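J.: Chain by chain, the residues:
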Amino acid sequence: MIVTTQKPLDEILDFISPYTNVLIAGCDGCTQPPRGLREAKTLSQLLELGGKLRNKDFNFKTTTTAKQCDYYLTTSALKPQIEEMEAVLSLACGIGVQTLAELFTEIPAFPVQNTHFMGAEEREAGILEERCVGCGDCLIALTGGICPVARCSKGLLNGACGGSKDGKCELNSERDCGWILIYEQLKKQGKLQNLKEFRPPRDYQLSAWRVTT
Amino acid sequence: MNKMASQKDPAQVEEVIDEASGKVYLSPCQIACPLGEDIQRNHAMIALLPLDGQETINQIIKIGDEIYEKNPLFPVCSYICGLCEKECNYKDQTGAVRRRMLVRFLNNYYLPYLETKPPLPPPTREKVALIGGGPGSLMCAYELSKKGYQVTILERGSQLGGALRYIPHYRLPTNIIDTTLNNLVRIAHIEVKLGVRMSNGGKTLDDIKNEGYRAVFIATGTPNPRPLTIERERVTGEDLEGVMFGLNLLWDINQGNVSPHLFQGKRVIVVGGGNVAFDVARTARRLGGDVSIVCLECEDKSSKDGIPADIEEIEGSSEEGIRIIYSRGVEEIIGEDGKFKKIKCPRCTSVFDEAGAFNPKSDRSDVIYLESDVLLITIGQAPERAFFQQEGLLDEKGKLDIEQLSLMSNRKEGIFIGGDVRRVGFVAEAMRDGMIAAESIDRYLRGKDLRIGREKEYESATIPKRIDYKPQPELVWAPVEERLNFEPFEKGFALEEAVEEARRCLYCGPCKSCKGCVVLGLQPKIPEIEFNEDLCISCGNCVYYCPYDAAKMESPGGVHFDLAACRGCGLCVAMCPSLALELENWEGERISTLISQLSSETKPPKILVFRCQWAASPPLNEEPAPNIRVIDLPCAARVDTFHILEAFQKGVGGVLVAACSEEDCHRGMGSREAQRSVVALRERLGQLGLQERLHFCTVAPRYPEEFDKELEQFSQKIEAICSKEGQK
Numbered sequence: 001m002i003v004t005t006q007k008p009l010d011e012i013l014d015f016i017s018p019y020t021n022v023l024i025a026g027c028d029g030c031t032q033p034p035r036g037l038r039e040a041k042t043l044s045q046l047l048e049l050g051g052k053l054r055n056k057d058f059n060f061k062t063t064t065t066a067k068q069c070d071y072y073l074t075t076s077a078l079k080p081q082i083e084e085m086e087a088v089l090s091l092a093c094g095i096g097v098q099t100l101a102e103l104f105t106e107i108p109a110f111p112v113q114n115t116h117f118m119g120a121e122e123r124e125a126g127i128l129e130e131r132c133v134g135c136g137d138c139l140i141a142l143t144g145g146i147c148p149v150a151r152c153s154k155g156l157l158n159g160a161c162g163g164s165k166d167g168k169c170e171l172n173s174e175r176d177c178g179w180i181l182i183y184e185q186l187k188k189q190g191k192l193q194n195l196k197e198f199r200p201p202r203d204y205q206l207s208a209w210r211v212t213t
Numbered sequence: 001m002n003k004m005a006s007q008k009d010p011a012q013v014e015e016v017i018d019e020a021s022g023k024v025y026l027s028p029c030q031i032a033c034p035l036g037e038d039i040q041r042n043h044a045m046i047a048l049l050p051l052d053g054q055e056t057i058n059q060i061i062k063i064g065d066e067i068y069e070k071n072p073l074f075p076v077c078s079y080i081c082g083l084c085e086k087e088c089n090y091k092d093q094t095g096a097v098r099r100r101m102l103v104r105f106l107n108n109y110y111l112p113y114l115e116t117k118p119p120l121p122p123p124t125r126e127k128v129a130l131i132g133g134g135p136g137s138l139m140c141a142y143e144l145s146k147k148g149y150q151v152t153i154l155e156r157g158s159q160l161g162g163a164l165r166y167i168p169h170y171r172l173p174t175n176i177i178d179t180t181l182n183n184l185v186r187i188a189h190i191e192v193k194l195g196v197r198m199s200n201g202g203k204t205l206d207d208i209k210n211e212g213y214r215a216v217f218i219a220t221g222t223p224n225p226r227p228l229t230i231e232r233e234r235v236t237g238e239d240l241e242g243v244m245f246g247l248n249l250l251w252d253i254n255q256g257n258v259s260p261h262l263f264q265g266k267r268v269i270v271v272g273g274g275n276v277a278f279d280v281a282r283t284a285r286r287l288g289g290d291v292s293i294v295c296l297e298c299e300d301k302s303s304k305d306g307i308p309a310d311i312e313e314i315e316g317s318s319e320e321g322i323r324i325i326y327s328r329g330v331e332e333i334i335g336e337d338g339k340f341k342k343i344k345c346p347r348c349t350s351v352f353d354e355a356g357a358f359n360p361k362s363d364r365s366d367v368i369y370l371e372s373d374v375l376l377i378t379i380g381q382a383p384e385r386a387f388f389q390q391e392g393l394l395d396e397k398g399k400l401d402i403e404q405l406s407l408m409s410n411r412k413e414g415i416f417i418g419g420d421v422r423r424v425g426f427v428a429e430a431m432r433d434g435m436i437a438a439e440s441i442d443r444y445l446r447g448k449d450l451r452i453g454r455e456k457e458y459e460s461a462t463i464p465k466r467i468d469y470k471p472q473p474e475l476v477w478a479p480v481e482e483r484l485n486f487e488p489f490e491k492g493f494a495l496e497e498a499v500e501e502a503r504r505c506l507y508c509g510p511c512k513s514c515k516g517c518v519v520l521g522l523q524p525k526i527p528e529i530e531f532n533e534d535l536c537i538s539c540g541n542c543v544y545y546c547p548y549d550a551a552k553m554e555s556p557g558g559v560h561f562d563l564a565a566c567r568g569c570g571l572c573v574a575m576c577p578s579l580a581l582e583l584e585n586w587e588g589e590r591i592s593t594l595i596s597q598l599s600s601e602t603k604p605p606k607i608l609v610f611r612c613q614w615a616a617s618p619p620l621n622e623e624p625a626p627n628i629r630v631i632d633l634p635c636a637a638r639v640d641t642f643h644i645l646e647a648f649q650k651g652v653g654g655v656l657v658a659a660c661s662e663e664d665c666h667r668g669m670g671s672r673e674a675q676r677s678v679v680a681l682r683e684r685l686g687q688l689g690l691q692e693r694l695h696f697c698t699v700a701p702r703y704p705e706e707f708d709k710e711l712e713q714f715s716q717k718i719e720a721i722c723s724k725e726g727q728k
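Residue numbers (our numbering), protein chains in the order written: chain A, 1 to 213; chain B, 1 to 728.
Since the hints were made in silico from the structure, they are not lab data.
Some hints here could point you the wrong way.
Mimicking EDC-like on lysine to aspartate or glutamate, the simulated pairs with C-alpha atoms at most 20 Å apart in a straight line are [said to hold, decoys possible]:
(1) A:K67 <-> B:E69
(2) B:K465 <-> A:E124
(3) A:K165 <-> A:D176
(4) B:K62 <-> B:D52
(5) B:K552 <-> A:E124
(6) B:K650 <-> A:D57
(7) A:K52 <-> B:E683
(8) B:K650 <-> B:E725
(9) A:K56 <-> B:E474
(10) A:K52 <-> B:E725
(11) B:K512 <-> B:D18
(12) B:K650 <-> B:E719
(13) B:K23 <-> B:D9
(14) A:K61 <-> A:E124
(15) B:K465 <-> A:E170
(16) B:K91 <-> B:E474
(17) A:K67 <-> B:E692
(18) A:K56 <-> A:E102
(19) B:K465 <-> B:D92
(20) A:K52 <-> B:E692
(21) B:K491 <-> B:E683
(22) B:K650 <-> A:D176
(23) B:K709 <-> B:E725
(24) A:K168 <-> A:E106
(25) A:K67 <-> A:E48
(26) A:K7 <-> B:E413
(27) B:K465 <-> B:D442
(28) B:K650 <-> B:E692
(29) B:K209 <-> B:D52
(30) A:K61 <-> B:E589
(31) B:K301 <-> B:E332
(32) B:K117 <-> B:E69
Because the structure is a prediction, the values reported are computed rather than measured.
Same shape as in the complex, but just chain A (with noise of 0.2 Å):
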């Protein structure tokens, strides 16, 4: 999924503070927690709120699509309630704002998220980590399934580099040592073996700004 998190109010009000007639699109997609109808209408709430504070009353229309980043999706489902709309605050990640500005030219298109990474929550802590940084060059069949380009701090690719203390990173205290997940993983797998292969350094070329279907 792609984490995001909400900006400050404020500096959504910022944004919007010339227009009146606001439409707020959710992304039911791959944002966690999902940023659907719940919360364009909470934000549609707390913004109201928010405006009435500075003397100003907004028109707020809330609606969500399923995924905000797909042209032909977006197009279908927001082309007829943008219309009248003066702007657009997107709670899609930043991939979804942009799709909503490439193909609404006219009309401004705000984030209200930060979007940070793709990564995995861990729901009772309610804590999300990064887990991929989309290299291009997907090597984690070698190292248990778990990514040491996303997990080690240093994104190193032939073991440890012999900082970590008690299983956590040199760097951080309290984020785990990616080589050492890779190597516990390994060793229950009984692959320990896949340690003494060597992995060659990567090819940043790989990591492509345009792929083809």
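Please arrange chain B on chain A, whose structure you already have, making use of the hints.
T.: What follows is chain B alone, placed relative to chain A:
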């Protein structure tokens, strides 16, 4: 159908069928109860008892009447049963909910009332005879009487009660038996004939038939002690002076025929490892004896050969100074001059064989001798067989020939047999036989099929998710030096303790089989989740949050709701990011309308309270202050962020959310999740400087003063904020 019958009582429990297995879905305690008591419902009602006043007593009588309907011997069972506790889902957490003590608590108020409880309508139907005056017959008589039959119990002895009369008074006081049975006889119009012998020249079944009885239930129990055997050979020496059967001692002592110092200065050995052997041993100890128990079984209760007696019996008797010698059989009873002297005890190597049958094996080369003055044999009981033989009720192998579902004899029509005589078990199990036989007798006399629709299979409800589990209250026993007599020594629950313990119940079973909240008037019916598949985005939040596993994620597929498992807390509704869920009676739209209405009728500074209905129950009748309005929710979990914000938009000055404390939450994690979402919303309101207007508090249910205090503090704060604003 007449009009009355077609109007179903909304508080009437319903059977819930598990979707996956097609079986009846129920809490494990209720499956375990042979009489099908509505345990969860009783606990819900005890948990919400008011803490003082006449209303408490009225409520207790109401609960008692509900249990009585299912089990007219419940005051007795509350001393000796506890089968439900053995299956309680809490057992593996911090210990079972002490149902037995909860029911015993009801006795305090219910027994005085029982004396005045109105009798059943007078019988109008056929005469039915019940042979034996024990729990099985009594239950059968009650059930038949409810159906309008005219019942007569024929008892060999001089009083009703059967096996109950063998239980030592320190465990089951006589007055409890007497009050319960005397009133049952009165309430159910039972004709009782005492001193009626059935075998050896006594009455025959033909005699009974000729007296006009149309059906007979035989529950003559197992009044005969089983003799000692070793590898199927009878052990000699039982006729020596000083050798007795424990069962006879229990009978005699309860009849008052025994000197209180019978075993003063004597060494006593009790042979046997069951609860009755422990009754005998503890009785002997109370008669002054120095007592040891010898049993075949080993100390480890989890082993296949583990001692069968309850752990409380084992602990209690060791406190009283009784020794237990495990894994020893008796090969020979040795005497001197006609008097008992010692037993020869080989080591028992195995009690039950591979197939689980009682088939003890011993190592006769490993032998000890145990000396004492008295030997009490308590290794089981057997029925009186002569009567069944004479009446031709046995099969070729000499066993009772009974159709097991209806309990009718395969040899004679209209003759039903049950209780210990059929299979030795607990009191409640004998009573279940009585209940089954009553249903069969009714079907038989109406010419209906005896078997159709009677086989039921159950699916046990699992334990709801919780953050932590409250500890089990310790049983309080009088110290040993004060309890070596025949007075009960287990301290019962006071009202507050009973309420506390009932609150520990996790309500594992489905709501529709309980409806405790409906009978208490908390809600008109059990609300159902309404699931809008068009809006669902399959994010799985509901699956994660549901404390009862009612929402499941299927792969491939999506979210699936099992309404049988749903308890209607509304947590999933409040957590659904796509607004795809609604809770019946607490729909988003309905709450919004209520907010508008309450807000318009309230005077400023307006305060709106969202409150868990359990947190402030029993409901308060006081008129709220003119500036305060309350919305009761099925659980604080249902509180919705946009309802809170809506209130502020409608001009409400402050919103208070009152939940039960985490540990008291009826709905698993409802309270905690409500707190989490309120805290998160408060944080966002903080960005607008409005955080002080929203407050979350936990209050102890049933203590209105706690809620009042929170509300008062909050309204003072809101008044201060609003007046400051007014000045600006």
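J.: Taking the hints in turn, state whether each one holds.
T.: For each hint, the structure was consulted:
1. A:K67 <-> B:E69: violated, 59 Å
2. B:K465 <-> A:E124: holds, 13 Å
3. A:K165 <-> A:D176: Judged against 20 Å, a Cα distance of about 9 Å means the pair holds.
4. B:K62 <-> B:D52: Holds, at about 16 Å.
5. B:K552 <-> A:E124: OK: K552 (chain B) and E124 (chain A) at ~18 Å, within 20 Å.
6. B:K650 <-> A:D57: Measuring from Cα to Cα gives roughly 14 Å; hence the hint holds.
7. A:K52 <-> B:E683: Roughly 19 Å separates the two Cα atoms, so the pair holds.
8. B:K650 <-> B:E725: holds, 17 Å
9. A:K56 <-> B:E474: violated, 63 Å
10. A:K52 <-> B:E725: OK: K52 (chain A) and E725 (chain B) at ~14 Å, within 20 Å.
11. B:K512 <-> B:D18: Roughly 12 Å separates the two Cα atoms, so the pair holds.
12. B:K650 <-> B:E719: holds, 17 Å
13. B:K23 <-> B:D9: It is violated: about 24 Å lies between the C-alpha atoms, which goes past 20 Å.
14. A:K61 <-> A:E124: violated, 33 Å
15. B:K465 <-> A:E170: The hint is violated at about 37 Å.
16. B:K91 <-> B:E474: holds, 14 Å
17. A:K67 <-> B:E692: Violated, because 37 Å separates the two Cα atoms, which is more than 20 Å.
18. A:K56 <-> A:E102: violated, 29 Å
19. B:K465 <-> B:D92: holds, 14 Å
20. A:K52 <-> B:E692: Holds - the C-alpha atoms of E692 (chain B) and K52 (chain A) are around 17 Å apart, at most 20 Å.
21. B:K491 <-> B:E683: Since the Cα atoms of K491 (chain B) and E683 (chain B) sit roughly 50 Å apart, the hinted pair is violated (cutoff 20 Å).
22. B:K650 <-> A:D176: Violated: K650 (chain B) and D176 (chain A) sit about 48 Å apart, past 20 Å.
23. B:K709 <-> B:E725: The given pair, whose Cα atoms are some 25 Å apart, is violated under the 20 Å limit.
24. A:K168 <-> A:E106: Distance of about 50 Å is beyond 20 Å: violated.
25. A:K67 <-> A:E48: violated, 26 Å
26. A:K7 <-> B:E413: Judged against 20 Å, a Cα distance of about 82 Å means the pair is violated.
27. B:K465 <-> B:D442: Violated, at roughly 43 Å.
28. B:K650 <-> B:E692: holds, 17 Å
29. B:K209 <-> B:D52: violated, 54 Å
30. A:K61 <-> B:E589: Measuring from Cα to Cα gives roughly 18 Å; hence the hint holds.
31. B:K301 <-> B:E332: Distance of about 27 Å is beyond 20 Å: violated.
32. B:K117 <-> B:E69: holds, 12 Å
Checked against the numbered hints given earlier, the structure breaks hints 1, 9, 13, 14, 15, 17, 18, 21, 22, 23, 24, 25, 26, 27, 29, 31 and satisfies all the rest.
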